[in-house]
Structures are given as C-alpha cells and as structure tokens.
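J.: Given the sequences, and given the hints that come with them, work out the whole structure.
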Amino acid sequence: MIKLEQVGYVYMQGGPFEKTALNNVSLTINRGEFIGLIGHTGSGKSTLIQMLNGLLKPTSGKIFIDGKELNSKDTDMRQIRFDVGLVMQYPEYQLFEETVAKDIAFGPTNMGLSPEEIEERVKFAANMVGLKPALLDKSPFDLSGGQKRRVAIAGVLAMEPKVLILDEPTAGLDPAGRDEILFKIKDMHERMDMTVILVSHSMEDIAKLADRILVMNQGEVAMFDRTDAVFRRGEELTRMGLNVPQITRITDSLRKQGVPIREGIYTVEDALNELAPLLRQEGARLC
Amino acid sequence: MLKDITLGQYFPGNTVVHRLDPRAKILLVLAYIVFVFSIKNFVGYALLAAFTLACIFISQVPIRFVLKGLKPIVVFIVITGLFNLFLTDGEPIFTWWIFTVTKEGVGFAAFMILRLFFLILGTSLLTLTTSPIALTDGLEQLLSPFKKIGLPAHELAMMMTIALRFIPTLMEETDKIIKAQSARGADFESGNILRRAKAMVPILIPLFISAFRRADELATAMECRCYRGGENRTRLRELKLGKVDLGGVLAFLLLGIAVFGLNFWLGPSVGVR
Ligand SMILES: Nc1ncnc2c1ncn2[C@@H]1O[C@H](COP(=O)(O)OP(=O)(O)OP(=O)(O)O)[C@@H](O)[C@H]1O
Ligand SMILES: [Mg+2]
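Each protein sequence line maps, in turn, to chains G and X. The first sequence maps to residues 3 to 289 in the numbering used here. The second sequence maps to residues 71 to 343 in the numbering used here.
These are calculated hints, taken from the structure and not from any lab test. It is possible that part of the hints are untrue.
[To be verified] Pairs of lysine-lysine, BS3-like flavour, derived with a Cα cap of 30 Å: (1) G/K125 <-> X/K246; (2) G/K59 <-> X/K246; (3) G/K75 <-> G/K125.
T.: If you want it as structure tokens, here you go:
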C-alpha cells in the first residue's frame, strides 16, 4: 500500500529559479491496483513517481510504502528501490553493459540473487517485453530505439517489484509493440498481484487498463477516481488540456443527437456491446 | 548530489550592474583585481570593502549567493593565512614550540586573506551578474584585436559558448542516469575505493555515449545551417557602450585615484611588501 500525506516538492529550493512542482498531494493506493496517471505536460507526474521509490525526497509531507516511512532513518531505501520498480521516462539512456542480457541482469545482480535465478529472470523479463532470445547476446547500443526501450523496461521487470511504475513506457513505440507490452504488463499485474502505476498521454491505453485514474493538474491532484467516473467529467478534463478516449467522444456526441446510449463508455468493446443491439433494432425497423 | 555545484551561477536581474556592457565589466573587474593587489594599507581595504558592498547592494544579488563563491576556497585562504602568519621574519610577538609569530607576520597574513577574499568576491560578482553568453561575447570582442597575430578569438569564444551551453544539459543527464541506475539498485555510497570506482561505470558509459551523440548532432545541425566561423559574421545582439558604462568607468576611476592616493598619503601598513 502506498500512502502520501500532504506531499510537496520544490525544485532548486531557495535558488533564483525555484519551482514548485507538487503541492499538497495526499492519496492512498491499495495493493494490487492498476492506477492510470494522467496530466498535462509539466503537471508533476514524473516528479510524483520519482518520490515513490525515494529518488526524490519530498520537500514537505510524508510518504509510506507498506507502512514504512520513506527517507526515515530506519527504512532501508535500497530495499524500497527493489520493492518499487520504476521505469523512467525515455529510459534508453540507462543501458551500459556489453550485452543485452547483462544489462537486464544489472538489477537482479544488485539484489544479490543466485546466478541461476538471475538467468531465469532475464529470460522471463526479455520474453515479457517481446525481445527475441537471439538479441540477448548483442550489444544494447546496436539495437533500434524501440528495442532499446524494451531492454530498459525488461531491466526493471527482472527485479519483479511489488509495485511497478512506468513513466510513459510506450511513447515512441509502434502500435503493435505498444499493445503487446501493455498487455503483458496487465497480465503480470493480474497474475502476480502487482500494483501498477502507468503514466500515459494515451487516454485509450489508460481506459483499457486502469482501475482508477489519478489526474494531476498544475502540481495538484485534480481527480482520483474510478475510470468511468473520471471520463464522465470530460469537460473538466478538456479544460486541463486533457481529453477523454475517442470512443467516449463518439458515444457522447451520439447521445447528444438523441441515440439512447448510456454514459461512461470508454472502451471500444463497451461501445460495441451498447451499440450492437441498437443497430439490430434499427436494422429491423429499416427492413 | 549534484545540487551543490553552481557552475553558470548567473543570478538574473535588471540592475545597473547587470546592464553594464560585458566588455566594460570584464575590464573593470581586471582593474578591480589590480586595485586589490596594489592596496598597501588597511584604510584602503576599508574603502574597497565599502565600494564592493555598494556594488553588491546595487546588483540586488543576495549577499549569501556572493559569499557562496568563497566556500570552495575557505580552506585555501586559511592555509595561506597560517603559512604567512608563522613563516614571516620580523619583530617577534610570541613564540610557541618551533613557531614564532611576528608583527609583520600578522600584518602580512591579514593582507593575504583580504586580497584573496576580495579577489573571489569581485570575480563572483562578475559571473553572478553577467550571463555566460554575454561573458563569452565580451571576451570574444576583447580578444579580437589579437586575431591579427593568429589568435582564433571567434572559435575560442564559440567553443566556450558551446561548453557553457552544455554544462547544465550534461548535469541534468548525469542526474537522470544516476536516478535510473539507483532505481535498479546501484549503490554508489558503500564499499572501498575500488568498488566505488566500479560503481561509476554504469553512470559514465551512458554519459559519454550521450555526450558524443549530442556533439555529433550539434555538429550536424550547425552544418545544416551552413555555419562557418570567423570572418564577416554579424551578430544578433550588438554590444554597445552606453551611459551606464561611462558611469561605471568613472566610479572605478575615482576608486583608483582614492586607492593610490591613500597608498601615497598613508604609506604601507606593517608587514606589507
Ligand atoms: N530537474 C528539474 N529542475 C527544475 N524544474 C524541474 C525539473 N524537473 C521538472 N521540473 C519542473 O517541475 C514541473 C513538473 O515536471 P514533471 O517532469 O514532473 O512533469 P510531467 O508531468 O512529468 O510532464 P511530462 O508529461 O512532460 O513528462 C515542471 O514545471 C518542470 O518545469
Ligand atoms: Mg514526465
């Protein structure tokens, strides 16, 4: 369980370029939840998630992971890093090893696991992100941008963290690769009861995956609610520079034109289930 | 970890001190350094202190930022002071074990400390109130007469500008890499020197790779825009001397007259060479 109490963060505190990135954030995320984190550029998403594994220390307020207070003296921060796996935004630059396999093994090696266990995990993680075994012995610098991204994500997955945080993991990937990775993460989330926090600018992805959505606006929590409840507040989201999934926009405008279709539809499957019977009736009348 | 390094410590503002032409400012700071080293009595330093304080006050830079520049060299100042205190010959005040403190030693140590102190203060004020770009611009123009004897002034300034431009970028990058590796449990703080050096590898390799990539990209971008240095380039911001600069020069002229006048009237204080 992750708990934040009135957390704030100020970059370069006391300097001439002081910048408040987060203000008074309080929230609780339960074990095994899938959270979608959205917000306009510069709303503080990356800042927020970097505090969850202690990379940034809050300048005010407190953070608890499973009841342990972060950055306090009796908390082993290294253990927290293994428990809370963070894939940073554009993580390709973190690669440094001679081979892809060694790079993925960096996290597990730091955990002090046995060589067999490490090998096992490297294979598992590489498979999760769709890296072919043949690539494992190549240099990570010879890969394409998308492949590098996958290696970087695998490097965190291999640590099998209890909480997995991904900062726009699919930005710049092709659509098929994007769906593949997100689907695998959802699968891992379900099978291993892993808590996942996914930062994304794709409302469609968030709608498909998240149980709850956290909306950040100008460094503050604007909404934190179930997915359908958040996407029902389309106008507010638009004002924050965000949007609802395309399909929601379509069903909303259909409803405005008098089609009897319920509110809170945000996936294509939902829309299909709603619209198919209507179309059949409509068709019957037409014939 | 990287927060304490304040390269490019420019403190933006729009005061008279900020608006001085960078060329004038560089020359005035040079004059200031000459003054610092020519003053021969304490009254002169009192005057210089008053002048410096006035400049800091006008520039509206908080005093703690100016003093921050002193932090890295405090140890150096103290050691210099101690050396001069104990190792100067002259009229002894007291002796302890093998150390003898002389009247001249006290005077000379105080002078050395004051000189270093004002040297750092003056140059700090220059870098605090002049943006790095303006500084290199000024330097380029000041050095351009030496082009005749083959000094590549423009290229030097360009290199400096690029280096300055990339310091914050590389620091940011280092910060990001450190974070990404710490997130995978990298440990930079424990173990002996060898282990710590090895722990730097996951930071240095990505950093070098990205630095080379950036250099390459920048070179390509410059070539795409047909950059060629040196001859016949005009500039976006022409440097012009104005009333402010005249005022600055006059103020320094008065200071200089006062400093040398005091030297002449009062003569050197004890211990000064
Ligand atoms: N290293 C830094 N130094 C100073 N200010 C920063 C730094 N990193 C972020 N900020 C500022 O903090 C605010 C929040 O930034 P953050 O990176 O958390 O935004 P974000 O929501 O992740 O945006 P994006 O969607 O673009 O990734 C921004 O206004 C940004 O300018
Ligand atoms: Mg971000």
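J.: Under the constraints set out in the numbered hints, which ones does this structure not fulfil?
T.: Going through the list in order, the structure violates hint 3 alone and respects the others.
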